[in-house]
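Residues in the sequence shown are numbered consecutively from 123, following the numbering used here.
None of these hints come from the bench; they were simulated from the model.
Treat the hints with care, as some may be off.
[Unchecked claim] Computed beta-carbon distance windows for the label pairs:
id : residue 1 : residue 2 : range
1  : P156      : M193      : 18 to 24 Å
2  : W180      : L147      : 20 to 26 Å
3  : G141      : S200      : 29 to 35 Å
4  : S203      : Y126      : 26 to 32 Å
5  : P160      : E129      : 18 to 24 Å
6  : Y126      : M193      : 18 to 24 Å
7  : S203      : G181      : 24 to 30 Å
8  : E154      : S200      : 27 to 33 Å
9  : R182      : L202      : 19 to 25 Å
10 : Y126      : Q196      : 21 to 27 Å
[Stated by the list, open to error] Taking lysine-lysine and the DSS-like style, the derived pairs with C-alpha atoms no more than 25 Å apart in a straight line are:
id : residue 1 : residue 2
11 : K135      : K146
12 : K212      : K146
13 : K213      : K146
Just so it is clear, CB atoms sit at the ideal spot from N, CA and C, and this is done for glycine as well.
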Amino acid sequence: KGFYTNESVELVKEAGFLGARTTKLCAIVSDEDPFLLPTTLQVYPFPFRKLTENTYYWGRLLEPYRQRAPMLNQIGVSILSMYSWLSMAKKNF
Numbered sequence: 123k124g125f126y127t128n129e130s131v132e133l134v135k136e137a138g139f140l141g142a143r144t145t146k147l148c149a150i151v152s153d154e155d156p157f158l159l160p161t162t163l164q165v166y167p168f169p170f171r172k173l174t175e176n177t178y179y180w181g182r183l184l185e186p187y188r189q190r191a192p193m194l195n196q197i198g199v200s201i202l203s204m205y206s207w208l209s210m211a212k213k214n215f
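Kindly generate the complete structure, drawing on both the sequences and the hints.
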């Protein structure tokens, strides 16, 4: 996912950056091009949110797992290693 063109990559180079990251998820191995670095891990607000002071929204509690489990399994991360960022990092690096 994500969108970039060769022109946008060239603009980033001309601006003096040493590299750039794409939005390709869960990639451990990168291409040789430092301007096409994949995303190893994305961290964003967890979907367990408060609706009111005493009520939580449970509807998307497992959504991050459901979205990323197939990709993580492909690179060898077991379901038992998915309980924390640290355990996944240890498994991959």
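* **Assessment of proposed distance window 20 to 26 Å (beta carbons of W180, L147)** => 25 Å, holds
* Asked: So the hint says 18 to 24 Å: do the beta-carbon atoms of P160 and E129 match that?
  -> Because 20 Å falls inside the window, the suggested range holds.
* Asked: Measuring from beta carbon to beta carbon, are S203 and G181 in 24 to 30 Å?
  -> Since the Cβ atoms of S203 and G181 sit about 26 Å apart, the hinted range of 24 to 30 Å holds.
* Would you check the hint for K135 and K146, treating anything up to 25 Å between C-alpha atoms as holding? => 20 Å, holds
* Could you say whether the range 18 to 24 Å given as a hint is met by the Cβ separation of P156 and M193? => Since P156 and M193 have Cβ atoms about 23 Å apart, the given range 18 to 24 Å holds.
* To do: Note whether the CB distance of R182 and L202 lies within 19 to 25 Å or breaks it.
  => At 23 Å between Cβs, range holds.
* K212 and K146: Cα distance at most 25 Å? -> With Cα atoms ~21 Å apart, K212 and K146 stay inside 25 Å; holds.
* Taking the CB of Y126 and the CB of Q196, does the distance hold inside 21 to 27 Å? -> Given about 23 Å between the Cβ atoms, the range holds.
* Can you let me know if the beta-carbon spacing of G141 and S200 is within 29 to 35 Å? => 31 Å, holds
* May I ask you to test the hint 18 to 24 Å on the CB atoms belonging to Y126 and M193? => 20 Å, holds
* With 27 to 33 Å as the target window, see if E154 and S200 comply at their CB atoms. => Because 30 Å falls inside the window, the suggested range holds.
* Asked: Taking 26 to 32 Å as the hint, is the beta-carbon distance of S203 and Y126 inside that range?
  -> The hint (26 to 32 Å, Cβ to Cβ) holds, given that S203 and Y126 are roughly 31 Å apart.
Hint violations for this structure: none, all hints satisfied.
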